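Those protein sequence lines, which keep their order, are chains S and V.
The opening residue of the first sequence carries number 1 in the working numbering; numbering runs sequentially from there.
The opening residue of the second sequence carries number 447 in the working numbering; numbering runs sequentially from there.
If you are wondering where the hints come from, they were derived from the structure by calculation, not from laboratory data.
Only a predicted model underlies this, so the values are computations on that prediction, with no experimental measurement involved.
Worth double-checking, as some hints may not be accurate.
Every beta carbon over 10 angstroms from chain V, so not counted as near; a handful from chain S, in silico [as the list claims (entries may be wrong)]:
(1) Thr72
(2) Ile177
(3) Pro333
(4) Asp389
Below, a sample of chain V positions facing chain S; criterion: calculated Cβ distance under 7 angstroms [unchecked claim]:
(5) Ala510
(6) Asp530
(7) Pro531
(8) Arg667
(9) Arg669
(10) Glu670
(11) Leu678
(12) Gly679
(13) Phe687
(14) Asn693
(15) Pro697
(16) Thr708
(17) Asp774
Heads up, the beta-carbon is just placed ideally off N, CA and C, and yes, glycines get one too.
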Amino acid sequence: MSENAEDKELSIPAQADGAEPGATEGAASSVTGGETAGATLTKDAAPGEILLKVTGLQKHFPIRKGLLQRQTGAVRAVDGIDFEVRAGETLGVVGESGCGKSTMGRLITRLLEPTAGKVEFEGKDITHLGVGGMRPLRRDVQMIFQDPYSSLNPRHTIGTIVGAPFRLQKVTPEGGIKKEVQRLLSVVGLNPEHYNRYPHEFSGGQRQRIGIARALALNPKLVVADEPVSALDVSIQAQVVNLLDDLQQELGLTYVIIAHDLSVVRHVSDRIAVMYLGKIVELADREALYKAPMHPYTKALMSAVPIPDPKRRSAKSERILLRGDVPSPISPPSGCRFHTRCWKATEICRTTEPPLLELKPGQRVACHHPENFEDQAPQDTVLLSAAKDAGELVPDAVLAESAETSEALAAEVAEQTEVAEMSEQAEAAEVGAEAERVEKSDSGDK
Amino acid sequence: MTAPLHDTTAEAAPTAPADPAETGATKVEGRSLKQIAWNRLKQDKVALAGGAFVLFLTLVAVFAPLIVGLLGHPPNQFNQDKLDPLTNLPQGAWGGVSSDFLFGVEPNKGRDVFSRIVYGARISLLVAFLAAVVAVALGTLFGIIAGYFGGWIDALISRTMDVLLSFPQLLFIISLVSVLPDDLLGLTGSGVRIAVLVLVIGFFGWPYVGRIVRGQTLSLREREYVEAARSLGGGRRHILFRELLPNLVAPILVYATLMIPTNILTEAALSFLGAGVRPPTASWGGMLRDALETYEHDPMFMVFPGATIFVTVLAFNLFGDGLRDALDPKGTR
Ligand SMILES: Nc1ncnc2c1ncn2[C@@H]1O[C@H](COP(=O)(O)OP(=O)(O)OP(=O)(O)O)[C@@H](O)[C@H]1O
Ligand code: SF4
Ligand SMILES: [Mg+2]
Numbered sequence: 001m002s003e004n005a006e007d008k009e010l011s012i013p014a015q016a017d018g019a020e021p022g023a024t025e026g027a028a029s030s031v032t033g034g035e036t037a038g039a040t041l042t043k044d045a046a047p048g049e050i051l052l053k054v055t056g057l058q059k060h061f062p063i064r065k066g067l068l069q070r071q072t073g074a075v076r077a078v079d080g081i082d083f084e085v086r087a088g089e090t091l092g093v094v095g096e097s098g099c100g101k102s103t104m105g106r107l108i109t110r111l112l113e114p115t116a117g118k119v120e121f122e123g124k125d126i127t128h129l130g131v132g133g134m135r136p137l138r139r140d141v142q143m144i145f146q147d148p149y150s151s152l153n154p155r156h157t158i159g160t161i162v163g164a165p166f167r168l169q170k171v172t173p174e175g176g177i178k179k180e181v182q183r184l185l186s187v188v189g190l191n192p193e194h195y196n197r198y199p200h201e202f203s204g205g206q207r208q209r210i211g212i213a214r215a216l217a218l219n220p221k222l223v224v225a226d227e228p229v230s231a232l233d234v235s236i237q238a239q240v241v242n243l244l245d246d247l248q249q250e251l252g253l254t255y256v257i258i259a260h261d262l263s264v265v266r267h268v269s270d271r272i273a274v275m276y277l278g279k280i281v282e283l284a285d286r287e288a289l290y291k292a293p294m295h296p297y298t299k300a301l302m303s304a305v306p307i308p309d310p311k312r313r314s315a316k317s318e319r320i321l322l323r324g325d326v327p328s329p330i331s332p333p334s335g336c337r338f339h340t341r342c343w344k345a346t347e348i349c350r351t352t353e354p355p356l357l358e359l360k361p362g363q364r365v366a367c368h369h370p371e372n373f374e375d376q377a378p379q380d381t382v383l384l385s386a387a388k389d390a391g392e393l394v395p396d397a398v399l400a401e402s403a404e405t406s407e408a409l410a411a412e413v414a415e416q417t418e419v420a421e422m423s424e425q426a427e428a429a430e431v432g433a434e435a436e437r438v439e440k441s442d443s444g445d446k
Numbered sequence: 447m448t449a450p451l452h453d454t455t456a457e458a459a460p461t462a463p464a465d466p467a468e469t470g471a472t473k474v475e476g477r478s479l480k481q482i483a484w485n486r487l488k489q490d491k492v493a494l495a496g497g498a499f500v501l502f503l504t505l506v507a508v509f510a511p512l513i514v515g516l517l518g519h520p521p522n523q524f525n526q527d528k529l530d531p532l533t534n535l536p537q538g539a540w541g542g543v544s545s546d547f548l549f550g551v552e553p554n555k556g557r558d559v560f561s562r563i564v565y566g567a568r569i570s571l572l573v574a575f576l577a578a579v580v581a582v583a584l585g586t587l588f589g590i591i592a593g594y595f596g597g598w599i600d601a602l603i604s605r606t607m608d609v610l611l612s613f614p615q616l617l618f619i620i621s622l623v624s625v626l627p628d629d630l631l632g633l634t635g636s637g638v639r640i641a642v643l644v645l646v647i648g649f650f651g652w653p654y655v656g657r658i659v660r661g662q663t664l665s666l667r668e669r670e671y672v673e674a675a676r677s678l679g680g681g682r683r684h685i686l687f688r689e690l691l692p693n694l695v696a697p698i699l700v701y702a703t704l705m706i707p708t709n710i711l712t713e714a715a716l717s718f719l720g721a722g723v724r725p726p727t728a729s730w731g732g733m734l735r736d737a738l739e740t741y742e743h744d745p746m747f748m749v750f751p752g753a754t755i756f757v758t759v760l761a762f763n764l765f766g767d768g769l770r771d772a773l774d775p776k777g778t779r
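Work out the full structure, taking the sequences as your base and the hints as a guide.
Structure below.
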């Protein structure tokens with residue numbers, strides 16, 4: 001959609017078409033691979049190959065109560081997700097707070113043991129490897145943490161912290177640990193002389209760089225970054241994101257970057273997974289996701305991203321407000337988990353869980369009435385009453401647009417326009433104009 | 447990431463040394479938290495005075511034979527000539543205080559009070575210090591294990607600590623001491639008693655340390671640096687002793703300093719009740735007990751050991767409180 005305006009601003013036009021909207025991830029990442037020519041690409045996995053594969057992954061945290069610690073329920077933090085990460089790409093994972101992003105990150109780095117499902121790294125099943133079995137793999141999978149104030153041990157010097165990977169993995173780098181640590185410090189833009197200082201002497205952004213240096217020490221293949229900049233000042237966020245970006249090109253890294261909104265991942269991701277209450281609701285190439293988000297939740301998330309272009313300020317009125325809070329992951333809603341807040345929800349949404357299907361090449365969606373695509377359950381033509389309430393917070397233009405792909409919503413909108421006889425004419429005109437404008441900007445982006 | 451999506455020139459190049467705004471915080475060269483705490487402690491005159499007294503007392507205990515040789519008389523020497531033959535009370539005012547007998551002489555026996563207090567410091571400090579070491583060692587080990595592993599291990603250790611904390615330890619020690627033989631494991635005489643006192647006081651002291659360490663560990667184990675260590679392949683031992691323990695040193699140190707005066711009091715109470723070191727070995731509590739017989743006629747014999755215990759305990763507490771303030775983790779964040 002129109003958000004692409006911002007992308008244009010930051011990108012160099014000649015290269016912006018590197019990833020076609022419909023292009024497969026493989027093609028997109030091989031472009032990235034090509035650009036790393038001359039860099040220290042030490043890794044064997046060819047760009048585009050599947051590095052990490054996750055199937056049916058679940059993590060339920062038991063809730064225990066009473067003296068006997070009997071299990072009374074479970075927090076279904078991650079509840080059956082499938083995706084894969086290809087060598088050289090960046091997968092962005094977004095979703096509201098509490099939807100299970102960090103849990104997912106900890107599962108794929110095997111800091112947590114999955115309740116069910118399978119995690120494969122380079123074709124090897126690592127789902128239930130113990131501490132000892134994981135140790136050699138720890139070199140290949142590293143994590144960057146969210147809170148720069150808690151991710152560095154305050155009693156250790158920077159030298160000890162960045163040198164820890166070598167000591168724990170019993171690796172002696174060429175020229176000794178100290179020299180290597182100093183090299184890493186300068187790679188992430190810190191003064192190597194600060195080797196003997198303690199974390200409390202550094203600012204948040206500097207600490208995050210230290211965390212990055214530690215994650216890179218063993219030359220990993222996959223780096224999982226859990227909200228790497230959300231604790232930082234906005235002015236420093238861009239620097240750290242750019243550092244990650246530069247390092248990816250230099251070292252041929254593969255990233256999974258977790259964020260709670262799209263503003264951070266939108267520029268750096270090749271593909272984006274949108275999570276809601278422990279599920280992936282949409283997984284698509286970045287371009288496809290921005291041009292035509294299919295899941296109503298994705299659309300709502302995207303409307304929440306501030307639009308910096310002053311010419312597009314009017315877009316503010318297109319913000320989709322979601323009704324109420326995220327439901328509890330202890331007893332998630334039946335059927336589609338988003339049905340309690342979705343303005344398109346019908347009976348089928350309440351009863352049947354929509355599967356994650358590849359509706360367009362490179363775009364997987366779990367929705368009965370997707371946006372920008374043909375209705376998957378056109379027979380269901382009555383909106384839930386919750387959906388009508390939710391619709392009141394959704395701008396009319398969005399509703400009208402949504403109605404094009406949902407029979408139920410179309411019927412509802414039609415009914416409403418009939419009732420409001422007075423403004424019928426005006427509203428129709430407005431909707432028409434709006435739709436036209438959206439169409440224009442869509443085609444303008446191609 | 448697709449390469450062209452950012453403009454490096456617009457934002458600070460990440461390879462340049464950290465921007466000036468960020469370097470401001472790092473002007474002081476490599477100040478560790480230890481140095482910061484020390485600088486803060488130096489400002490606290492009351493704590494320093496307490497610390498100085500503790501240091502002084504430690505030196506007195508260590509060099510007791512030397513000091514007594516210079517300024518007093520052997521602690522078990524009966525100076526009957528200093529007593530009134532009729533009442534057996536010390537001759538002269540203030541319990542016989544003189545330039546020769548700095549703190550006077552003991553009623554009935556005529557022993558040098560100063561020498562006995564100096565030698566008593568050895569027993570008091572030794573027992574209190576070693577018992578604190580035992581308590582800290584046990585408490586740290588069990589507390590860190592309970593806090594880190596949680597689950598049934600934590601339940602087991604926590605219940606054990608609850609039981610020990612509600613145990614009538616004084617009664618237990620008194621009965622234990624009265625049934626133990628005088629010779630044990632090659633130790634004889636007061637050696638046995640000292641060992642028993644250390645072990646028993648230490649054993650009943652560890653749950654206090656254990657509770658504090660467990661609580662701290664519970665909050666520390668959620669820190670991301672623990673996850674980071676795990677994500678690098680660090681084992682349990684590394685996490686417990688390399689990552690967590692260094693962060694527990696401050697509270698443990700503070701608690702140990704505050705535990706020593708409690709142990710001094712416990713040891714004095716036990717000696718007072720006759721369950722401490724055996725006479726004639728000098729101890730502060732034992733002196734108080736001896737003073738009980740004659741305090742109406744010779745109160746000074748009670749004042750000197752009593753005041754010594756009081757000042758010592760106060761000094762340790764003042765120092766411990768100052769140490770806590772200096773190491774306060776909130777202040778260093
Ligand atoms: N160790 C745990 N024990 C019990 N519940 C947990 C545990 N860790 C996470 N949860 C629960 O699982 C759910 C998902 O948590 P998670 O941290 O993965 O969310 P998140 O998407 O990372 O959120 P945020 O954006 O706030 O970081 C939350 O409801 C949380 O309370
Ligand atoms: S339309 Fe139905 S299936 Fe789709 S997101 Fe809304 S509630 Fe879920
Ligand atoms: Mg999180």
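Evaluated hints:
no.	hint	result
1	Thr72	holds (17 angstroms)
2	Ile177	holds (14 angstroms)
3	Pro333	holds (30 angstroms)
4	Asp389	holds (38 angstroms)
5	Ala510	violated (38 angstroms)
6	Asp530	violated (63 angstroms)
7	Pro531	violated (66 angstroms)
8	Arg667	violated (11 angstroms)
9	Arg669	holds (5 angstroms)
10	Glu670	holds (4 angstroms)
11	Leu678	holds (5 angstroms)
12	Gly679	holds (4 angstroms)
13	Phe687	violated (12 angstroms)
14	Asn693	holds (6 angstroms)
15	Pro697	violated (13 angstroms)
16	Thr708	violated (28 angstroms)
17	Asp774	violated (13 angstroms)
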